[in-house]
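Listed below are the residues making up each chain.
Number of protein chains: 2
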Amino acid sequence: MKVAKFGGSSVANAAQFQKVANIITSDEARKFVVVSAPGKRFKDDTKMTDLLIALAKKVIENNIYEGVLVQVVARYDEIVTDLQLSRDILDVISAHLQQLIDTYHDQPERLLDALKASGEDNNAKLMAHYLRQLGYEAHYVSPKDAGIFVTDEPGNAQVLPESYEQLAKLNERSGILIIPGFFGYSRSGHIVTFPRGGSDITGSIVAAGVGAELYENFTDVDSIYCVNPSIVEHPCQLKELTYREMRELSYAGFSVFHDEALEPVYRRGIPVCVKNTNNPEAPGTMIVATRDHRERPVAGIASDTGFCSINVSKYLMNREIGFGRRLLQILEDEGISYEHTPSGIDNMSVILREEQLAGDVERRVLHRIVNELRVDEVSIERDLALIMVVGEGMERSVGIAAKATAAFARANVNIEMINQGSSEVSMMFGVKADAVEKAVRALYEVYF
Amino acid sequence: MKVAKFGGSSVANAAQFQKVANIITSDEARKFVVVSAPGKRFKDDTKMTDLLIALAKKVIENNIYEGVLVQVVARYDEIVTDLQLSRDILDVISAHLQQLIDTYHDQPERLLDALKASGEDNNAKLMAHYLRQLGYEAHYVSPKDAGIFVTDEPGNAQVLPESYEQLAKLNERSGILIIPGFFGYSRSGHIVTFPRGGSDITGSIVAAGVGAELYENFTDVDSIYCVNPSIVEHPCQLKELTYREMRELSYAGFSVFHDEALEPVYRRGIPVCVKNTNNPEAPGTMIVATRDHRERPVAGIASDTGFCSINVSKYLMNREIGFGRRLLQILEDEGISYEHTPSGIDNMSVILREEQLAGDVERRVLHRIVNELRVDEVSIERDLALIMVVGEGMERSVGIAAKATAAFARANVNIEMINQGSSEVSMMFGVKADAVEKAVRALYEVYF
Numbered sequence: 002m003k004v005a006k007f008g009g010s011s012v013a014n015a016a017q018f019q020k021v022a023n024i025i026t027s028d029e030a031r032k033f034v035v036v037s038a039p040g041k042r043f044k045d046d047t048k049m050t051d052l053l054i055a056l057a058k059k060v061i062e063n064n065i066y067e068g069v070l071v072q073v074v075a076r077y078d079e080i081v082t083d084l085q086l087s088r089d090i091l092d093v094i095s096a097h098l099q100q101l102i103d104t105y106h107d108q109p110e111r112l113l114d115a116l117k118a119s120g121e122d123n124n125a126k127l128m129a130h131y132l133r134q135l136g137y138e139a140h141y142v143s144p145k146d147a148g149i150f151v152t153d154e155p156g157n158a159q160v161l162p163e164s165y166e167q168l169a170k171l172n173e174r175s176g177i178l179i180i181p182g183f184f185g186y187s188r189s190g191h192i193v194t195f196p197r198g199g200s201d202i203t204g205s206i207v208a209a210g211v212g213a214e215l216y217e218n219f220t221d222v223d224s225i226y227c228v229n230p231s232i233v234e235h236p237c238q239l240k241e242l243t244y245r246e247m248r249e250l251s252y253a254g255f256s257v258f259h260d261e262a263l264e265p266v267y268r269r270g271i272p273v274c275v276k277n278t279n280n281p282e283a284p285g286t287m288i289v290a291t292r293d294h295r296e297r298p299v300a301g302i303a304s305d306t307g308f309c310s311i312n313v314s315k316y317l318m319n320r321e322i323g324f325g326r327r328l329l330q331i332l333e334d335e336g337i338s339y340e341h342t343p344s345g346i347d348n349m350s351v352i353l354r355e356e357q358l359a360g361d362v363e364r365r366v367l368h369r370i371v372n373e374l375r376v377d378e379v380s381i382e383r384d385l386a387l388i389m390v391v392g393e394g395m396e397r398s399v400g401i402a403a404k405a406t407a408a409f410a411r412a413n414v415n416i417e418m419i420n421q422g423s424s425e426v427s428m429m430f431g432v433k434a435d436a437v438e439k440a441v442r443a444l445y446e447v448y449f
Numbered sequence: 002m003k004v005a006k007f008g009g010s011s012v013a014n015a016a017q018f019q020k021v022a023n024i025i026t027s028d029e030a031r032k033f034v035v036v037s038a039p040g041k042r043f044k045d046d047t048k049m050t051d052l053l054i055a056l057a058k059k060v061i062e063n064n065i066y067e068g069v070l071v072q073v074v075a076r077y078d079e080i081v082t083d084l085q086l087s088r089d090i091l092d093v094i095s096a097h098l099q100q101l102i103d104t105y106h107d108q109p110e111r112l113l114d115a116l117k118a119s120g121e122d123n124n125a126k127l128m129a130h131y132l133r134q135l136g137y138e139a140h141y142v143s144p145k146d147a148g149i150f151v152t153d154e155p156g157n158a159q160v161l162p163e164s165y166e167q168l169a170k171l172n173e174r175s176g177i178l179i180i181p182g183f184f185g186y187s188r189s190g191h192i193v194t195f196p197r198g199g200s201d202i203t204g205s206i207v208a209a210g211v212g213a214e215l216y217e218n219f220t221d222v223d224s225i226y227c228v229n230p231s232i233v234e235h236p237c238q239l240k241e242l243t244y245r246e247m248r249e250l251s252y253a254g255f256s257v258f259h260d261e262a263l264e265p266v267y268r269r270g271i272p273v274c275v276k277n278t279n280n281p282e283a284p285g286t287m288i289v290a291t292r293d294h295r296e297r298p299v300a301g302i303a304s305d306t307g308f309c310s311i312n313v314s315k316y317l318m319n320r321e322i323g324f325g326r327r328l329l330q331i332l333e334d335e336g337i338s339y340e341h342t343p344s345g346i347d348n349m350s351v352i353l354r355e356e357q358l359a360g361d362v363e364r365r366v367l368h369r370i371v372n373e374l375r376v377d378e379v380s381i382e383r384d385l386a387l388i389m390v391v392g393e394g395m396e397r398s399v400g401i402a403a404k405a406t407a408a409f410a411r412a413n414v415n416i417e418m419i420n421q422g423s424s425e426v427s428m429m430f431g432v433k434a435d436a437v438e439k440a441v442r443a444l445y446e447v448y449f
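As you go down the protein sequences, you meet chains A and B in turn. The opening residue of the first sequence carries number 2 in the working numbering; numbering runs sequentially from there. The opening residue of the second sequence carries number 2 in the working numbering; numbering runs sequentially from there.
Treat the hints with care, since some could be wrong.
No copy is singled out in the list; a pair is fine if it fits within one copy or between any two copies.
[What the hints assert, rightly or not] SDA-like mimics (lysine to any residue), calculated; alpha carbons at most 20 Å apart, straight line:
#1 K3 to Y137
#2 K48 to P236
#3 K404 to N415
#4 K315 to T291
#5 K404 to E446
#6 K315 to Q159
#7 K126 to Q19
#8 K315 to P162
#9 K59 to E29
#10 K404 to A443
#11 K41 to N14
#12 K3 to R31
What the hints contain is simulated information worked out from the structure, not anything from laboratory work.
Same shape as in the complex, but just chain A (with noise of 0.2 Å):
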């Protein structure tokens, strides 16, 4: 039996819906559904979840929010209509929706989660309404009712793992089960949203306390492609992939999966398979835990960029025990958290995000390894990019590394770091930031 979710573009309309319907009906092991809020029907057009931040914000500052009401309830009208669905259940939406202003219009946390988790819910609501019209049985099931409890950090979910146990009793339920992705419910009965994009995690959290047999993620790509398709034309589709691939190459500008919605699935060995809504025949790509690598030993090329580089140098560093964790200490002093570590006998680098040296926290950060540190120098270097060159059977292939470097060398690029650990599935490179094109246009020319 398995878990097939929806991403926002595929139940962005009236058309979409049908699509889903059509897949969802088509093979009956697909009892469990999971689905996003109404995404872009066209290019320039606004999110459902977009629209209800923008709700929330109108509520919490007392300014009139009607008219953002109305065209929230006007997309689900759209559908309702497009797909002659009886009107009631616009009723029904529309008083949840001043329900949860009248409830939470003075916590403005809880309101902005709740209203965000509303277009979920009402679109789950909608879906299994329109199934049941078609002569289906299918059933909305709320996440409290399902059994997702979750972490009280509003935006920033957590699952327990007591709803796994829940979950797992959905598996007497009869007919297709419809449950909104992105959020959960504290264990104080409040709704709390995942992270942004989570409502992978909510598929990935089913998949896993149903016991699925395959995760299905429906989205609106043939496949995973081999390399970001806004930096190289028409590249490689990817048929199969590892979990610990998927996660490198999403973790680094691959943005088809939420880098951490993998987890429960991954713990549990389930494999993902990613689809599209828009050509459910194509075969799509298998998330699994070993392939063949024998073959293609590279499996992606990930970059991305807003990184830079603190570099420490102290002659005799290496004799210094506890150095490097002295200097780790301080950025975690700050909150700070770091890629990588490049490290000579006498200097460090540390590599993170630059966005988290706003502000103050540079001057304070280069101002206690100075003195507490005792450096010869510091510096950083800012407009890194880093390109990861990830595949399972990386690390056993001579001359995997000698193809990369020489690519770099071919397209004019300097390499400012290089990270290849012993048991690692990657190879990370440091570029300067306007470099990173020309060099991921190069890996794919030298592993493609």
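Let chain A serve as the given structure and place chain B on it in line with the hints.
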């Protein structure tokens, strides 16, 4: 004015003493001379320092030590006889040794340090004696008299900052001043030796203290080679190196220099010249603050075996602020120093000298990693070698990494790890220990 330091092989016997005297007296600027203990005269000879350690052991174990004492004095006797020096100096040496034994026989650490130091001390007296006999004004100056004060850590002395002020006063003295290497005096008046190879340290401290224009380090090779001559036959000789390059190279397997010896001269920007006592006409290798590296971005290739890598992986590791810091804290608690920490998104490797995990340490470290960090996997990869490609010009040169990795591929050597930081003068490669010579030879081919 120059400081000239002569290593053990340069002062091993009378013939070498003559060469050294010629070198010293051929340049009036050579006012300060630091000498080692007599080194090996032939391949299987015993160094004076090892004889003295054997002597100390006999005394400490209450064994008959007179036989070894005779051997020690016999080494000096040979030099005295061959140089036709007055034999009174031998009485001075014998009496001095006996006095040390009598004073320290029940303080094993002090006895060991005092006897070890006597090798250099008596040789300095001998050299001054010889120069005077040749008609030059030459004075033996003990480290106490010179003002070399050190921390009271037997066998591991660190120079105290006040020494430099004291040493500066030596400029006021007349004649050639002969100072024994390898030891200083603690504030309470005890002889304390530097780490082994510490005559280089004495020379460097003296050069810094007297503000020398040049620190000449006389040894038994014409110059520093760009790669270990036991791996590559007749490798190219280096005319010029920077301190940073020298330090990276000497750290990873280059034995010309004790790798911390350069700090005092480095701090004051005093250039170092490594020269050959047996061929003083050869220009030697200059170690300087900066060099023009456009022609030769890579200075040398060093390698060393005996490393291992602790590899840990944990899903979502990079979201855990403080993970890396806590892993390093565990190692620090065990007094373990590490070389590099290449990392991926969900894994981190720590490369360290294998010997540090001896006995119970490995079990304790692994236990703590599993229990405190809750990792998914931890393993130790053994028998690794590190290869450092070192050069000031590397960070600004496109294609350096490409050449290196292509060399590895051609030699069919798998690269286990790569580490190159942003402002670094070296690129580190980790390979299996049994592949290191093959890899170094391949690198030599591409760079030299």
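Evaluation of the provided hints:
1. K3 to Y137: within (17 Å within a copy, 96 Å between copies)
2. K48 to P236: neither (28 Å within a copy, 67 Å between copies)
3. K404 to N415: For K404 and N415, the Cα distance is within 20 Å both inside one copy (15 Å) and across copies (13 Å).
4. K315 to T291: between (43 Å within a copy, 17 Å between copies)
5. K404 to E446: The answer is both: 10 Å in one copy and 19 Å across copies each meet 20 Å.
6. K315 to Q159: This pair counts as between: shortest inter-copy Cα distance 17 Å, intra-copy 41 Å.
7. K126 to Q19: within (15 Å within a copy, 100 Å between copies)
8. K315 to P162: between (46 Å within a copy, 18 Å between copies)
9. K59 to E29: neither (44 Å within a copy, 88 Å between copies)
10. K404 to A443: both (10 Å within a copy, 17 Å between copies)
11. K41 to N14: For K41 and N14, only the intra-copy Cα distance (9 Å) is at most 20 Å; the inter-copy one is 89 Å.
12. K3 to R31: within (5 Å within a copy, 85 Å between copies)
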